[in-house]
Amino acid sequence: MQSSNFHHNFHLFFDGLGLPPQSGNGPEHMTLGPQIGGGGIRRFIPRPDLEVVLSELRFTRDFTLPIETKTPMVEIHYGLQGSRQVRIENRQYEFVPDMCSLQLIREAKTRFEFGGNQSYLMLAIGLPVASFHHFMEDLSGTRKVDFFSLLGRKPFRLFQEAIDPAATIVLNRLRQALQTPGTRKLEVECCALELLLSSFQSFLIGEKPLKLSARDTPKIRQARDIIMERMADPPSLVQLSRMVGLNDFKLKIGFNEMYGTTVYGYLREKRLEKALLLLQQGELNVNETSLAIGYSNPSYFSEAFRAKYGVNPGSLNRRSGLK
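For the sequence shown, the UniProt record's numbering assigns the number 323 to the last residue and increments by one with no breaks.
Please keep in mind that the hints were generated in silico from the structure rather than gathered at the bench.
Accuracy of the hints is not assured; some may be wrong.
[Claimed, not checked] Lysine to any residue pairs mimicking SDA-like chemistry, simulated, CA-CA at most 25 Å apart: (1) Lys270 / Leu102; (2) Lys270 / Met243; (3) Lys70 / His8.
[Claimed, not checked] Computed beta-carbon distance windows for the label pairs: (4) Phe249 / Ala292: 29 to 37 Å; (5) Thr217 / Gln280: 27 to 35 Å; (6) Glu187 / Gly141: 40 to 48 Å; (7) Asn297 / His133: 43 to 51 Å; (8) Glu94 / Val145: 22 to 30 Å; (9) His133 / Arg91: 22 to 30 Å; (10) Arg111 / Gly33: 18 to 26 Å.
Given the structure is predicted, the values throughout are model-derived calculations rather than measurements.
Beta carbons: idealized from backbone N, C-alpha and C, even for Gly.
Construct all of the structure, not just a fragment, from the sequences and the given hints.
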């Protein structure tokens, strides 16, 4: 597949940070100069139409980086630490920790604003428009999602939501791969594609705008964010409906339309995904994990976990040294 020179947009960002010239298809580890701050950027190009960038930066003072993108591209961005502002064509956007952002970028004047004495940890995956369109096709070659239709006349469009536990697992795997010498391109590419699929399904493919009004869609997203934030103690469906300003019938229908399941079916899946992440981290035992995700009965939690993953949660604890 032919790839446009969307990598140039990343080069502009690296150049603005005073990082050394990029040698080609990587991998590269570029260190931020002491006159600006500390940390650096790890850059990988597992295939010509895919760029993966892990940034761990700290600035000694407030830092502004203006660039002008030249090539249309798509990027998903995971903010893991540090809040920053981005101004694009005189409009301000905020990027905060624990958020996934899908960005559609055309030629635009952009200004990144970083705060001093603040650590930033970010992971970005970029691809050209041609590859985005390829991924949006079904097996018959039909494509219903178009980059330029989504943008209209705008130079930039942003979709944002909280990072879900399933994506966190893949992110951790990808970060470990990027920092391990000898990692194969295949592993980086597979993780990147899995994250792209997750964000595309959430922001673009999962939506069916023919039935939901433009006013209803953000309310359904808000309901999803609320149950993710209050996973251990979620509101009732009636309470959730009042919190987002929809009646419970429209919330049930709209949620199923956007996410392909019921509100509490979705919550159950995300609870178990978070439980897997917590158990893999090895800091909580089974009972503590059960309570952390909202299961008051550890036996019921173990049964649900075993049904989803095919293993007992206690087996993961034994691997991490917990009982």
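Does the Cβ distance between His133 and Arg91 fall inside 22 to 30 Å?
-> Check passed, 26 Å falls within 22 to 30 Å.
Should the hint that Glu187 and Gly141 are 40 to 48 Å apart at their CB atoms be regarded as holding?
-> Because 29 Å falls outside the window, the suggested range is violated.
Verdict for Glu94, Val145 (Cβ pair) under range 22 to 30 Å | Holds, at about 26 Å.
For Asn297 and His133, compare the CB-CB distance with the range 43 to 51 Å and indicate the outcome.
-> holds (48 Å)
Assess, step by step, whether the Cα of Lys70 is no farther than 25 Å from the Cα of His8, and give holds or violated.
-> Distance of about 8 Å is within 25 Å: holds.
Go ahead and decide if the range 18 to 26 Å is satisfied by the Cβ distance of Arg111 to Gly33.
-> holds (20 Å)
Would you mind confirming whether the straight-line C-alpha gap from Lys270 to Leu102 stays at or under 25 Å?
-> Status holds; Cα separation ~20 Å.
Look at the Cβ atoms of Phe249 and Ala292 and judge whether their distance stays inside 29 to 37 Å.
-> About 32 Å separates the Cβ atoms of Phe249 and Ala292, which means 29 to 37 Å holds.
Sort out whether Met243 lies within 25 Å of Lys270, counting only the CA atoms.
-> Holds. Lys270 to Met243 sits at ~21 Å (cutoff 25 Å).
Taking the beta carbons of Thr217 and Gln280, is their distance inside 27 to 35 Å?
-> holds (33 Å)
Of the numbered hints listed earlier, the single one contradicted by the structure is hint 6.
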